[in-house]
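Novice: If you read the sequences in order, they're chains A and B.
Numbering-wise (our numbering), the first sequence opens with residue 113 and increments by one.
Numbering-wise (our numbering), the second sequence opens with residue 315 and increments by one.
No lab work stands behind these hints, which were simulated from the structure alone.
These numbers come from a predicted model, not from an experiment.
Accuracy of the hints is not assured; some may be wrong.
Beta-carbon label-pair distances, calculated as ranges [as the list claims (entries may be wrong)]:
id: 1; chain 1: A; residue 1: I120; chain 2: B; residue 2: E561; range: 40 to 48 Å
id: 2; chain 1: A; residue 1: S327; chain 2: B; residue 2: D629; range: 43 to 51 Å
id: 3; chain 1: B; residue 1: Q621; chain 2: A; residue 2: S327; range: 54 to 62 Å
id: 4; chain 1: B; residue 1: F318; chain 2: A; residue 2: S268; range: 24 to 32 Å
id: 5; chain 1: B; residue 1: L486; chain 2: A; residue 2: G261; range: 33 to 41 Å
id: 6; chain 1: B; residue 1: S333; chain 2: A; residue 2: P391; range: 34 to 42 Å
id: 7; chain 1: B; residue 1: D629; chain 2: A; residue 2: P147; range: 51 to 59 Å
id: 8; chain 1: B; residue 1: P701; chain 2: A; residue 2: V322; range: 46 to 54 Å
id: 9; chain 1: A; residue 1: R221; chain 2: B; residue 2: D322; range: 35 to 43 Å
id: 10; chain 1: A; residue 1: I319; chain 2: B; residue 2: W485; range: 44 to 52 Å
Just so you have them, the derived chain B footprint on chain A, three or more residues with Cβ under 8 Å [to be verified]:
id: 11; stretch: 162 to 170
id: 12; stretch: 180 to 187
id: 13; stretch: 196 to 203
id: 14; stretch: 207 to 220
id: 15; stretch: 410 to 422
A few chain B residues that face chain A, going by a derived Cβ cut-off under 10 Å, partial list only [stated by the list, open to error]:
id: 16; residue: V410
id: 17; residue: T418
id: 18; residue: N754
Even for Gly, the Cβ is constructed at its ideal location relative to N, Cα and C.
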Amino acid sequence: MTIDLPVIWYLLIGFAVAMYVMMDGFSLGVGILFPFVRGDEQRDVMMNTVAPVWDGNQTWMILGGAGLYGAFPLAYAVILPAMYLPLILMLLALIFRGIAFEFRFKSNRSRKWFDLAFSGGAMVATFSQGVVLGGIINGLAVSERAYQGGSFDWFSPFALFTGLALMAGYALLGAGWLIMKTEGDLQKRFYQFSRPLTLLLVASMIIISVWTPLSNGRIAERWFTFPNIVWFAPVPILVALLSWSIWHGVTHGHERRLFFKVLGLFFLGLSGLVISFFPLIIPPDITLWDASSARASQTFLIVGYVVLVPLVLAYTAYSYYVFRGKVRAGEGYH
Amino acid sequence: MLGFDALDLARFQFAFTVSFHILFPAFSIGLASYLTVLEGLRLKTGNEIYHNLYRFWVRIFAVVFGLGVVSGVVMAYEFGTNWSGFAERAGDITGVLLTYEVLTAFFMEAGFLGIMLFGEGRVSKKLHFTATCLVAVGTLISMTWILMSNSWMQTPAGYEVIDGRFEPANWLEIMFNPSFPYRIVHMGLAAFISVGFFVGGVGAYHLLRNRRDPAARKMFSMAMWAIMVALPVQIIAGDMHGLNTLEHQPAKVAAMEGHWENEPGQKGMPLLLFALPSMDDGANRLELAVPYASSLILTHTLDGQIQGLKDWPRDEWPNVPLVFWSFRIMVGLGMLMLGMGIVGLFLRWKGQLYEARWFQRITLFTAPVGFIALLAGWVTTEAGRQPWVVYGMLRTADAVSSHGVASMITTLIGFMVVYAIIFGIGIYYMLKLLKSEPMNMVPAGGPGHERQPKRPMSAADNSFEEQN
Chain A
113 MTIDLPVIWY
123 LLIGFAVAMY
133 VMMDGFSLGV
143 GILFPFVRGD
153 EQRDVMMNTV
163 APVWDGNQTW
173 MILGGAGLYG
183 AFPLAYAVIL
193 PAMYLPLILM
203 LLALIFRGIA
213 FEFRFKSNRS
223 RKWFDLAFSG
233 GAMVATFSQG
243 VVLGGIINGL
253 AVSERAYQGG
263 SFDWFSPFAL
273 FTGLALMAGY
283 ALLGAGWLIM
293 KTEGDLQKRF
303 YQFSRPLTLL
313 LVASMIIISV
323 WTPLSNGRIA
333 ERWFTFPNIV
343 WFAPVPILVA
353 LLSWSIWHGV
363 THGHERRLFF
373 KVLGLFFLGL
383 SGLVISFFPL
393 IIPPDITLWD
403 ASSARASQTF
413 LIVGYVVLVP
423 LVLAYTAYSY
433 YVFRGKVRAG
443 EGYH
Chain B
315 MLGFDALDLA
325 RFQFAFTVSF
335 HILFPAFSIG
345 LASYLTVLEG
355 LRLKTGNEIY
365 HNLYRFWVRI
375 FAVVFGLGVV
385 SGVVMAYEFG
395 TNWSGFAERA
405 GDITGVLLTY
415 EVLTAFFMEA
425 GFLGIMLFGE
435 GRVSKKLHFT
445 ATCLVAVGTL
455 ISMTWILMSN
465 SWMQTPAGYE
475 VIDGRFEPAN
485 WLEIMFNPSF
495 PYRIVHMGLA
505 AFISVGFFVG
515 GVGAYHLLRN
525 RRDPAARKMF
535 SMAMWAIMVA
545 LPVQIIAGDM
555 HGLNTLEHQP
565 AKVAAMEGHW
575 ENEPGQKGMP
585 LLLFALPSMD
595 DGANRLELAV
605 PYASSLILTH
615 TLDGQIQGLK
625 DWPRDEWPNV
635 PLVFWSFRIM
645 VGLGMLMLGM
655 GIVGLFLRWK
665 GQLYEARWFQ
675 RITLFTAPVG
685 FIALLAGWVT
695 TEAGRQPWVV
705 YGMLRTADAV
715 SSHGVASMIT
725 TLIGFMVVYA
735 IIFGIGIYYM
745 LKLLKSEPMN
755 MVPAGGPGHE
765 RQPKRPMSAA
775 DNSFEEQN
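Assemble the whole structure, with the sequences as input and the hints as a guide.
Specialist: Now the structure itself:
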């Protein structure tokens, strides 16, 4: 039996993307919640909770992109030009987000501009990522191993909806993170945000789960035929249980659990996407085997990936450990 | 826009974003190694001057590294968004090399940068020195992978073409392709020299303010030594790189030389100091030449000849004036830098290095010339590779994504505006930092101080505005 290397690579890249979504998700979420919290000192605390880790988090996005380039060059060469405008918008927004991180603490008079760069950058970047996701789900026009659609093919009600949905999702992740990292009145604010955001996120997940099978027969067939329906039933059931648990947990003051439950929701959401589309890598037709690079490429690269990624995870965990605990006003590390 | 088509705009967009980006990694490569030397000397001698200099330059490093990170993320995506034909056909090779860069360099730099910038007082001196070394090694590893990839595009090797796509046949031949050894030496030295000149210029600035400042004297002196050691080696390395290019990319060398054809009976090739090459005429106007010099440089004989541009069809010519002039700018600035190094050595011999204010003023004004030469060199080699993206194998026109002109103009304006803003803020802030006195870098950091690892630019914790 030979190892199905492309499938392994599909999972490895999925892992990098999931790491990015979960880790930069809460960093961007903090930016999305920024305008809803007043006061320089409060905002300092919010920013300081993610300051030590945000650029490490963002490196996962580069790994996801570069990995796609090396392991599935066709997918990289089709998805990126198809999503040209939202992707460039996302990159520019991420520049502002990153720059704001560095310069906000060094400014006085222009601080409000860096506040805007931080939260505006986070919102635009998140919305663009959601649009990209929705655009890929909608499917891309490919022939002769190249994208054949127009500059605005991604523009659809569904993609705009996934853009907004991702903003709600990241905001909830951010709220969960901030509940863990703050205390007192500030923490109370994020408890207050949690329930409305949970409602928004769960409603979005339901709408997407109904919308996609309705518009795509293949996805309906994947989920709703026997025996698949039995195998995949745990996904929606777990989503329901987790959502219920988040809703009720808010009043119980378990300040760490909320964040990890939301991470669980994200994991389930991503699993749902994999179930809907596997083995497609570019809907509606291109499979991961079609898009694979040469076996010699995937073999050469997997050696480095398998050795180095655990090492990266180890020192990432260490840096989270170093900066564990609450962040308080005035003790900022900026 | 002004008669440009989408291909021109795509090329211009890439040239703009990559030129902006390369300045910062080049700066990081040179500065990380300089910081390693400073910290090593401090540990060995215990001299506090080195400690002050380390703290002075590590703040600049933080800003430069941060700008390199944000502009680099764009590059990692631009291969796909703008050059999907290239990504699809060559991703099996270049995508793999880029992923190795992320895995071996980006994460490692991010991991140890925190300790380097903020770890003083939290970890032992030796561990801190190790972190600085690892960040410096990370910048060099990063350079290695990306130059492997670029060199492979210049002198492809170790591949086989299957269904129009480049697939790896021999990874060692891909990685150590014919131009890679020359390119990495040439680029590495260029980064060191650029930073040497920059450090020298900053040292000169502080000497002009206070010629007794021991830290200013030290950095000025170190920079002058570094330049005197590196520049002669660089000139030899550049010459060898040129001969390597002549072997593998002769049309590029013909464009660099403005050499159109070998006339019958002509003996030897002159070196053109000045000329206005015209691609329409296939000739130069207003030539100012040194007889036989080009033959001597390129063939190491007096009457040797190389192929002229007319040996290739017109649609395989690069943009001759661009290649011709960018090459002359690089070489000219290289000669200027060598001249300044020699003058510096002479002044040192006369005991006037710290006294000659005219020389310090020149050094201050020429602080950025290394970076300009570096950019000019990249223009020469990249524009000289045209019309190919993978030399001789894949045309740039076949590599570009099929975006419309309107999309390309929109994103180009977006990049120009955003880069102008962040470059403006970055430079403004860096100049503020460079003005602080190098001998007054009070050792700080450690628990309770306003510092936090893993945010590159935050090592520089000065406010860049006056307090209200």
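Novice: Honestly, do S333/B and P391/A meet the 34 to 42 Å range at C-beta?
Specialist: Taking Cβ atoms as reference, S333/B and P391/A lie about 41 Å apart, which means the hint holds.
Novice: Closer than 10 Å between Cβ atoms is the bar; does N754/B clear it against chain A? Give me holds or violated.
Specialist: 19 Å, violated
Novice: Has the stretch 162 to 170 of chain A got at least three residues whose CB is nearer than 8 Å to a CB belonging to chain B?
Specialist: holds (count 7)
Novice: Range hint 40 to 48 Å: satisfied by the CB atoms of I120/A and E561/B?
Specialist: 41 Å, holds
Novice: Taking beta carbons only, do three or more residues of the stretch 196 to 203 of chain A come closer than 8 Å to chain B?
Specialist: holds (count 6)
Novice: Look at the Cβ atoms of R221/A and D322/B and judge whether their distance stays inside 35 to 43 Å.
Specialist: Once the Cβ atoms are compared, 41 Å apart, the range 35 to 43 Å for D322/B and R221/A holds.
Novice: Kindly confirm whether 54 to 62 Å is satisfied by the beta carbon distance between Q621/B and S327/A.
Specialist: Given a distance of about 60 Å, which is inside 54 to 62 Å, the answer is holds.
Novice: Confirm or reject the claim that I319/A and W485/B have a C-beta distance inside 44 to 52 Å.
Specialist: Cβ of I319/A to Cβ of W485/B: about 47 Å, so the range 44 to 52 Å holds.
Novice: May I ask you to test the interface hint for V410/B with respect to chain A, counting a Cβ-Cβ separation under 10 Å as satisfied?
Specialist: 4 Å, holds
Novice: When you take the CB atoms of S327/A and D629/B, is the distance between them in 43 to 51 Å?
Specialist: 47 Å, holds
Novice: Kindly confirm whether 24 to 32 Å is satisfied by the beta carbon distance between F318/B and S268/A.
Specialist: Between F318/B and S268/A, where Cβ atoms are some 31 Å apart, the hint holds.
Novice: Given as covered by chain B, does the stretch 410 to 422 of chain A meet the bar of three residues or more with CB within less than 8 Å?
Specialist: holds (count 6)
Hint compliance for this structure: hint 18 alone is broken.
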